[in-house]
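**Q** Start from the sequences, fold in the hints, and give me the full structure.
8 protein chains.
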Amino acid sequence: MKKLSIRTRVLTGAVAAAALGAGTLGVASASAGQTDTPAAPAAVQADTQNRNLAQTTVLTTEAATRAAQAALDAATKAGQRVTVAVVDRDGITRVLLKGDGAGPQSPQSAERKAFTAVSWNAPTSELVKRLAQTPNLKDIPGTLFLAGGAPVQAKGAPIAGIGVAGAPSGDLDEQFAQAGVAALGK
Amino acid sequence: MKKLSIRTRVLTGAVAAAALGAGTLGVASASAGQTDTPAAPAAVQADTQNRNLAQTTVLTTEAATRAAQAALDAATKAGQRVTVAVVDRDGITRVLLKGDGAGPQSPQSAERKAFTAVSWNAPTSELVKRLAQTPNLKDIPGTLFLAGGAPVQAKGAPIAGIGVAGAPSGDLDEQFAQAGVAALGK
Amino acid sequence: MKKLSIRTRVLTGAVAAAALGAGTLGVASASAGQTDTPAAPAAVQADTQNRNLAQTTVLTTEAATRAAQAALDAATKAGQRVTVAVVDRDGITRVLLKGDGAGPQSPQSAERKAFTAVSWNAPTSELVKRLAQTPNLKDIPGTLFLAGGAPVQAKGAPIAGIGVAGAPSGDLDEQFAQAGVAALGK
Amino acid sequence: MKKLSIRTRVLTGAVAAAALGAGTLGVASASAGQTDTPAAPAAVQADTQNRNLAQTTVLTTEAATRAAQAALDAATKAGQRVTVAVVDRDGITRVLLKGDGAGPQSPQSAERKAFTAVSWNAPTSELVKRLAQTPNLKDIPGTLFLAGGAPVQAKGAPIAGIGVAGAPSGDLDEQFAQAGVAALGK
Amino acid sequence: MKKLSIRTRVLTGAVAAAALGAGTLGVASASAGQTDTPAAPAAVQADTQNRNLAQTTVLTTEAATRAAQAALDAATKAGQRVTVAVVDRDGITRVLLKGDGAGPQSPQSAERKAFTAVSWNAPTSELVKRLAQTPNLKDIPGTLFLAGGAPVQAKGAPIAGIGVAGAPSGDLDEQFAQAGVAALGK
Amino acid sequence: MKKLSIRTRVLTGAVAAAALGAGTLGVASASAGQTDTPAAPAAVQADTQNRNLAQTTVLTTEAATRAAQAALDAATKAGQRVTVAVVDRDGITRVLLKGDGAGPQSPQSAERKAFTAVSWNAPTSELVKRLAQTPNLKDIPGTLFLAGGAPVQAKGAPIAGIGVAGAPSGDLDEQFAQAGVAALGK
Amino acid sequence: MKKLSIRTRVLTGAVAAAALGAGTLGVASASAGQTDTPAAPAAVQADTQNRNLAQTTVLTTEAATRAAQAALDAATKAGQRVTVAVVDRDGITRVLLKGDGAGPQSPQSAERKAFTAVSWNAPTSELVKRLAQTPNLKDIPGTLFLAGGAPVQAKGAPIAGIGVAGAPSGDLDEQFAQAGVAALGK
Amino acid sequence: MKKLSIRTRVLTGAVAAAALGAGTLGVASASAGQTDTPAAPAAVQADTQNRNLAQTTVLTTEAATRAAQAALDAATKAGQRVTVAVVDRDGITRVLLKGDGAGPQSPQSAERKAFTAVSWNAPTSELVKRLAQTPNLKDIPGTLFLAGGAPVQAKGAPIAGIGVAGAPSGDLDEQFAQAGVAALGK
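Residue numbers (the working numbering), protein chains in the order written: chain A, 1 to 186; chain B, 1 to 186; chain C, 1 to 186; chain D, 1 to 186; chain E, 1 to 186; chain F, 1 to 186; chain G, 1 to 186; chain H, 1 to 186.
If you are wondering where the hints come from, they were derived from the structure by calculation, not from laboratory data.
None of the values given here were measured: they were computed from a predicted structure.
Incorrect hints may appear among the rest.
[Unchecked claim] Just a few of them, taken from the derived set where beta-carbon distance is under 10 Å, the chain G residues facing chain F:
| # | residue |
| --- | --- |
| 1 | 44 |
| 2 | 45 |
| 3 | 53 |
| 4 | 56 |
| 5 | 58 |
| 6 | 59 |
| 7 | 62 |
| 8 | 67 |
| 9 | 77 |
| 10 | 88 |
| 11 | 134 |
Beta carbons are placed, not taken as given, at the ideal position from N, Cα and C, and that holds for glycine.
**A** Given below as structure tokens:
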């Protein structure tokens, strides 16, 4: 029964995570940038009725669209032309909005920032700093270590990433991405 | 001065097209499915102030988003789980909305249907019929000859494509795509 | 408030699906092969505490590994050398086991069969038949219309796909894939 | 009516840009290299007759060919063997001329330089300098941060990029690219 | 000395081909469509001063550009919006001209038609017919079996291919491609 | 101890295969084309000193080169210009020889034919026939169902594939590939 | 007979390697990190009965699965959510286990770490150090120079690689990978 | 007649190059590493009988195979397990020999080194030094800036590249590549 006990550990861990992770959906906490923190509790929870199954928390399309639109609105208000992407925890694009006049590099840039943010559960502006210690992190396929990506969390676990690209600085891009995250709390 | 005369012909043609193409933004006409029709007048118009430039008509992001949302709403109302894509005349994705529960095959399927519709300026349900005569059309990279794609036209020229994928039949997908096109006329 | 009402419809639909889908994890039912059936209820459920979130049902890694091993064991017992893949509802590979002596074509073949089965919630042997009516379905990227893929369902919704490749016939491959599905019910 | 107001802002911004951008087609100004400048006004303008549409300014094929030929001529006159690419604002190649004896690396290099120049509306020799501050910009797919790319602007907005590759230094490549841009002003 | 004798055979064959191939640069002859004809004599000739070397005949960039422009002119004159590609015997694109208003599918389509024509030294309208006997030829990567591609020959050997895409029928596309070939004979 | 017993079955099967497979390296037998034959015994054998290991039989580079050269020689003697590829049981190219004047489509075509032959342990001319019953086999990535590929076997198991492409018919290509296989028996 | 003598050298070398390589399956030795060491003796041995053949040592699927499971167990015990990959000496994935809640970047990261470890027969934590001297090693396609990969050796030769990704530091990932290697010695 | 004069310049340049380039096939000269040298005279020469055509010098397959075998022999003699690639001036692989026991990273590494050497007509050990001045050269697709690549020249122009990968240092790899070049002079 070794394998079952493994599974049990997994589930126990998940339940513990759920218990610890009392926070609600929100902006990544400042501590997310620490390299040696234990992995963020994933948004996976045991299904008490079937040992084969677990429940994963995801954004609805409606929420993802609302967040993306809010990010785009923030950029437009600031006079910037950007693309916004929202990816889920599997790195799959849920919503993409390429704004009027956004550059041809912006869609892939936005998707990769979102992918990076959800992968490490931290804003990409924080993740860039980790390269000082581990420069080759940026060679992992699908990632982009440029400010402009922000994770969406549920109970502390990353469930989506919002990426923005096209503004003249990554800090602006990330400000718009955070506006997208913030729209989920309204 | 041979080259200049070429340019002149192009522009003349475009102006003529504009004159002929009195129609407004709308659903592809039934005749779009005919293989031997001269190429649809492109949405390119001479810039009278600079001989190097032309003007191309594009959907705004706001309009593309509205169309995509309308297509997704139509699918949701019908109890179907789909992905909707809007691509521009260059085949670049402007908006992507992956609906709740839409299958993993649906994003690429939707994008390719949209790409196919805007390439030939016809609904993909019409384009499928052309394969009877020219079966290898479907080997052109980026295309997908399945019902579910609809072109968006301005003055008869294709300026965008809307693709929907995920419903149990392509006819349903295309009905939702057409709902997206229709939303532009409201 | 139009968008919120959309979201409500989605969630209502999901709840209804959950109510209807009283079945437990199991082999795809025979009716799965019908083209015009409404889309299978996705394994997405409203989160009653946060309108932005939904819950998705997934296989645990332990269960996915157990299913893959069971499929490989069935093939080995039959003297066949195969690769087994288990993909989730997003089409992402959860488990891959390339058996001893399995051919070089078998990993991609297994992954694509699994992808195809989970995309349409039906065994690929059934899906092959749909090509008679809609031959270009097989041009959707990532798919492979060959027997050997089986969906894993929870309450009628597809949550994973198991693909097997390498045996001299697809029917054998699918028999092994179904052995993998069956192992989840033990 | 929130969304319409968004659209209005976009269009207002574009009109303002048009008013400000009194410059004609020309070489990127020196200030293009500044990282924190607001995004260049895109070559998108409101369509006063249909709120869904905007007008984008593009190079004609005749002009793009003339520019590419001029760049190639300049290289040939200097005894250099190069490839020249002209891409539009969507990053799509409009013209490619692979010169006699140009190396196998030159086509992709030329296309990427052109893509990079049109993406940030600056010569790539300027853009290389931005890497001192933001080194990972160069990880954005499709880009190449080597001298040799020059943007083509209409009223200050980037509408195309010209990339040259194959000369022994990027400065030479860029000199030829600028000769291509200059040919548009004759 | 076995290997040297092999080389000798190669060179002898090439010399013989040169002797036989008295024809000048021109349109592919009708017999090019025959499947069982010995391979066309390649444009490779022994270098009498160094046994390691051979001479290959290629189009100059000037000639390739002239041919492409002629094809584009022919299409424009006929009111069609197309992309024209010229590839060399290695399948590498030498010239690409994407015409005003040509569809997004046309660049890859044109390049593949050109690639296919130069690979088999026959117009693609002829090559399509070969699929009746060998349908899977069209699965070779890089090919496209649609009318619109024409080979350029020197002494009977294929040295380039011209592909045109975007007109409402492949026959029209090929007529323009042949106009491009014809321009080389003027 | 279930897993160990699985392993034991594998190894037993492999030993049995070795016992049965008394044949030496040679051309694929005619029966290789049968679809329902049990999978060919793989060239994998238990390592009697370590239960974790198995021994796989591979061609030496010297032998693979000799076979490829023999295939190329046969083509040259017949006046054909081809590319020859030898891939191992993992589908990895061991040797590639692109002959003088071979077309640009021939390298990928040769590699895929070799890949296909070693995957199903049969000449591709035989495998083409299987498509009558299972047409979508040809959609498996990396394969090409055209005559011209031949498996290399050791004790009945496929250990390599030789693919030839470029002759005017696949039958000729395959004749050259078989000449390559035959060279291994000398 | 020059080529035969080459072959003889190869085989002699291999036999010598076998004689020297008396070690058993185990963790990469410390000296593996030295850049100038002669290449590790490959797990290839002459076949005394057929000069065309050699024997390669590979992990059985059972062993690869056991190692992967052990690595995943170690990560789970440490509260980390990771993906584990085992690749063979050809770089082909034999086993992939994506753990519950592992990030979307982890599968490719794990596969590349495993690929890198088996390519240079050293833990990736050692290989990272080599970049100080040869920074561009990391540009070789398929590699990833991040701690977390460990080679599996047979008689000193690399026969597989185990890669782990997803923990907050590469050192943790590699500790789990080494746990996978260790499980092969039990 | 401007274009004809352009062509004339090209041809004149080529003839001049031929006159200057009296050297025979050989190792790249030391000066090849200088960044600001005018581009190497390409191996393209005017065809005096047809203004559309030029002659390109290429290696015969026999010569390319001989060079590759010599490089592999040199590596084997040194006890190293490597892959050798020979690419032509278009960057297309002419010969690939994956040696016994060569690592999975070696084929792509060898091809890219060869590609890089022929692109800049210098040994890759020299080209690496250029990165000190122009670090982003290494971002050009298809290149690899690691020692181990050597150009093959005819009259000073690059006509092929030989790449070797797999030895514990790039210097060794390049020594073997140079042995391949040297074999062409025998």
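**Q** Run every hint past the structure and note whether it holds.
**A** Here's how the hints hold up against the structure:
no.: 1; hint: 44; verdict: 7 Å, holds
no.: 2; hint: 45; verdict: 8 Å, holds
no.: 3; hint: 53; verdict: 5 Å, holds
no.: 4; hint: 56; verdict: 5 Å, holds
no.: 5; hint: 58; verdict: 5 Å, holds
no.: 6; hint: 59; verdict: 6 Å, holds
no.: 7; hint: 62; verdict: 4 Å, holds
no.: 8; hint: 67; verdict: 8 Å, holds
no.: 9; hint: 77; verdict: 20 Å, violated
no.: 10; hint: 88; verdict: 7 Å, holds
no.: 11; hint: 134; verdict: 25 Å, violated
Hints 9, 11, counting from the list given before, are not met by this structure.
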